[in-house]
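Can you build the whole structure from these sequences, using the hints too?
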Amino acid sequence: MIALEDVSKRYPNGTYALRDIDLRIDAGEFVFNVGSSGAGKSTLNRLLIREELPTTGRVVVDGQDVARLARGEIPYLRRKVGIVFQDFKLLQTKTVFENVAFALIVTGHDGRTLREESERALALVGLAQRRHHFPRELSGGEQQRTAMARALVMRPRVLVADEPTGNLDPVTTWEIMKLLIRVNELGTTVIVATHNAEIVNALRRRVVHLDHGRIIRDEREGLYAA
Amino acid sequence: MTRVRYVLTAAWQGFSRNPVMSVASTLTVALMLLLFAFFVVTDRGLQSAIGLLESKVELVTYLSDDAKISQILDVKARIEKDPAVSRVDYVSKDDALRRLRELSANRADLGPIEEIGTNPLPASLEIKLAIAQESRRVADELRAEVGNGVITEVVDNPQVVDKLLTITRVLSVGGLVVLGMMLFVALFVIVNTIRIAVHARRDEIEIMQLVGATDRLVAAPFVIEGMLVGVFGAAIALAVLAVGSGPVTSTLVQFLDILPVSLGPNFLAQLALGVLGFALVMGAGGASISVRSQLSR
Chain A
1 MIALEDVSKR
11 YPNGTYALRD
21 IDLRIDAGEF
31 VFNVGSSGAG
41 KSTLNRLLIR
51 EELPTTGRVV
61 VDGQDVARLA
71 RGEIPYLRRK
81 VGIVFQDFKL
91 LQTKTVFENV
101 AFALIVTGHD
111 GRTLREESER
121 ALALVGLAQR
131 RHHFPRELSG
141 GEQQRTAMAR
151 ALVMRPRVLV
161 ADEPTGNLDP
171 VTTWEIMKLL
181 IRVNELGTTV
191 IVATHNAEIV
201 NALRRRVVHL
211 DHGRIIRDER
221 EGLYAA
Chain B
1 MTRVRYVLTA
11 AWQGFSRNPV
21 MSVASTLTVA
31 LMLLLFAFFV
41 VTDRGLQSAI
51 GLLESKVELV
61 TYLSDDAKIS
71 QILDVKARIE
81 KDPAVSRVDY
91 VSKDDALRRL
101 RELSANRADL
111 GPIEEIGTNP
121 LPASLEIKLA
131 IAQESRRVAD
141 ELRAEVGNGV
151 ITEVVDNPQV
161 VDKLLTITRV
171 LSVGGLVVLG
181 MMLFVALFVI
191 VNTIRIAVHA
201 RRDEIEIMQL
211 VGATDRLVAA
221 PFVIEGMLVG
231 VFGAAIALAV
241 LAVGSGPVTS
251 TLVQFLDILP
261 VSLGPNFLAQ
271 LALGVLGFAL
281 VMGAGGASIS
291 VRSQLSR
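Chains A and B, in that order, give the protein sequences. Residue numbering for the first sequence follows this note's numbering, beginning at 1 and increasing consecutively. Residue numbering for the second sequence follows this note's numbering, beginning at 1 and increasing consecutively.
Do not take every clue at face value.
From chain B, some residues computed to sit far from chain A (all C-beta separations above 12 Å) [claimed, not checked]:
#1 ASP43
#2 GLN71
#3 ALA130
#4 LEU183
#5 VAL240
#6 SER250
Among the chain B residues that face chain A by a calculated CB cut under 10 Å, a handful are [unchecked claim]:
#7 MET1
#8 THR2
#9 ARG3
#10 GLU204
#11 GLU206
#12 ILE207
#13 MET208
#14 LEU210
#15 GLY212
#16 LEU217
For the record, the hints were derived by calculation from the structure and aren't laboratory data. Here a beta-carbon is modelled for each residue, glycine too, at the ideal position from N, C-alpha and C.
If you want it as structure tokens, here you go:
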């Protein structure tokens, strides 16, 4: 599903965000991407949605070398790779339903598809009852679930979560994690960048450990620290 | 349909939520379009004046009121013998007055001709040349006869044409330069208006790009907003034109003397369409430049 081959990312100031990364993630996997701040987790995520290009090496998503995509093809990559962030990135002037439907509208859907798919995504994250609320009326966990619904409404092959629980309390963090696992069980490949050791240790999933831009550990059923 | 509604709503919001910039750019565009229209009208007027002059008499000799018909026929026959001349027409004083009356019948601005008691217009010989290049020689030969009691004046129309051509050229170049500068200013203002609109909606744009909206859709509301600026600018410019075209036309007519300059029956419609089209292209173009420069990352 995803393959990084000998990928390095060097910024113009000379610092390396990623160095010699070789990584394969199969369809349907659930992967924790751990490491301290600045280890390169976010850069890795940005490569997957082609917000950045590797300096050297190849990033292949769903059989396509993302560096070779024409500008006009990037949107279609992003419809396959959904992403959620620590800061949710919700539109404050739109309701929960509108935030979710927005993704479908701007990708050319309307009518019944728009309504039904939005309802399906909201039901999946358990926010059907809150659909008419505005983001400011929601808790942090609900806002993150709205963001997840917005990503999932596109039925992506991959869901990337970049520190999804960084702003959330432990109880809410668990809710979000359970939801991510459920999404994974429904067939979506899930990649979670986090430095929440407790979660990683409790769930015992594949762990890819980044340190100073290098993969120092890649374990099935791994722990946060070696 | 939902997508179209989204684009139109977003475009209108962009325009209406930043009224100062929107009004400023609309007025700049209107001003530029007015200049454009003025330039086109002037150019078109001069062109048709030149065409008219060129197709008309090339040389005119005005005749003394005291000249005898026999003398006039004599001169006419002599001119007709010149191989460079194709045709000579005698225009009597009455003919000349009749022409002026016909001209004035279509033109209220010339005032009532009927009030003139006597006929102040001279008779003339209108000479068409077979060889246009010879006009100067023929004119010079006839000029030599001025004061002989028959010919009082020789008017060399090619010179008028030359002068008009020079004026047109100067106006064209000057107009294009001014128009070019205005176009630059208008584009600059549109680009900045749209830049602000893009900035105001940067969160929305970020999300659109994350969920996989095409660049075209991301840019569409801004391009429409640019076109809105163009349409409103064109509306203002055309309104000003409609109100001001009367006085301007009569000024132009005075400037061009009594040439019956006709701009053609569809000219005003063409001009309005031209102004609107120009405005739309400029609005959309300016917005595209602005959006493109900000989305390309």
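Quick rundown of the hints versus the structure:
1. Residue-level check passed: ASP43 (chain B) sits 42 Å from the nearest beta carbon of chain A, beyond 12 Å.
2. Distance check on GLN71 (chain B): its Cβ is at least 84 Å (rounded) from any Cβ of chain A, clearing the 12 Å threshold; non-interface status holds.
3. Once the 12 Å rule is applied to beta carbons, ALA130 (chain B) is consistent with being away from chain A; the minimum gap is 64 Å.
4. Distance to chain A confirms LEU183 (chain B) as a non-interface residue, since its nearest Cβ pair spans about 29 Å, more than 12 Å.
5. Residue-level check passed: VAL240 (chain B) sits 38 Å from the nearest beta carbon of chain A, beyond 12 Å.
6. With a closest Cβ-Cβ approach of about 54 Å to chain A, SER250 (chain B) is found to remain outside the 12 Å limit, as its non-interface label requires.
7. The restraint placing MET1 (chain B) at the interface with chain A holds, with a minimum CB-CB distance near 6 Å, inside the 10 Å limit.
8. At about 4 Å, the closest approach between the beta carbon of THR2 (chain B) and any beta carbon in chain A falls short of 10 Å, and the interface hint on this residue holds.
9. For ARG3 (chain B), the interface hint holds, since its Cβ comes within 10 Å of a Cβ in chain A; the closest pair sits about 6 Å apart.
10. Checking GLU204 (chain B) against chain A by beta carbon gives a least distance of about 6 Å; that is within 10 Å, so the hint holds.
11. This hint holds: GLU206 (chain B) has a C-beta 7 Å from the nearest C-beta of chain A, less than the 10 Å allowed.
12. For the restraint placing ILE207 (chain B) at the interface with chain A, the shortest Cβ-Cβ distance is roughly 6 Å, inside the 10 Å limit, so the hint holds.
13. Hint status for MET208 (chain B): holds, given a least beta-carbon distance of 5 Å to chain A, under 10 Å.
14. A distance limit of 10 Å between C-beta atoms decides the matter here; for LEU210 (chain B) the minimum to chain A is near 6 Å, and the interface restraint holds.
15. At about 4 Å, the closest approach between the beta carbon of GLY212 (chain B) and any beta carbon in chain A falls short of 10 Å, and the interface hint on this residue holds.
16. The beta carbon of LEU217 (chain B) comes within 6 Å of a beta carbon in chain A, closer than 10 Å, and the hint placing it at the interface holds.
Consistency note: the structure conflicts with none of the earlier hints.
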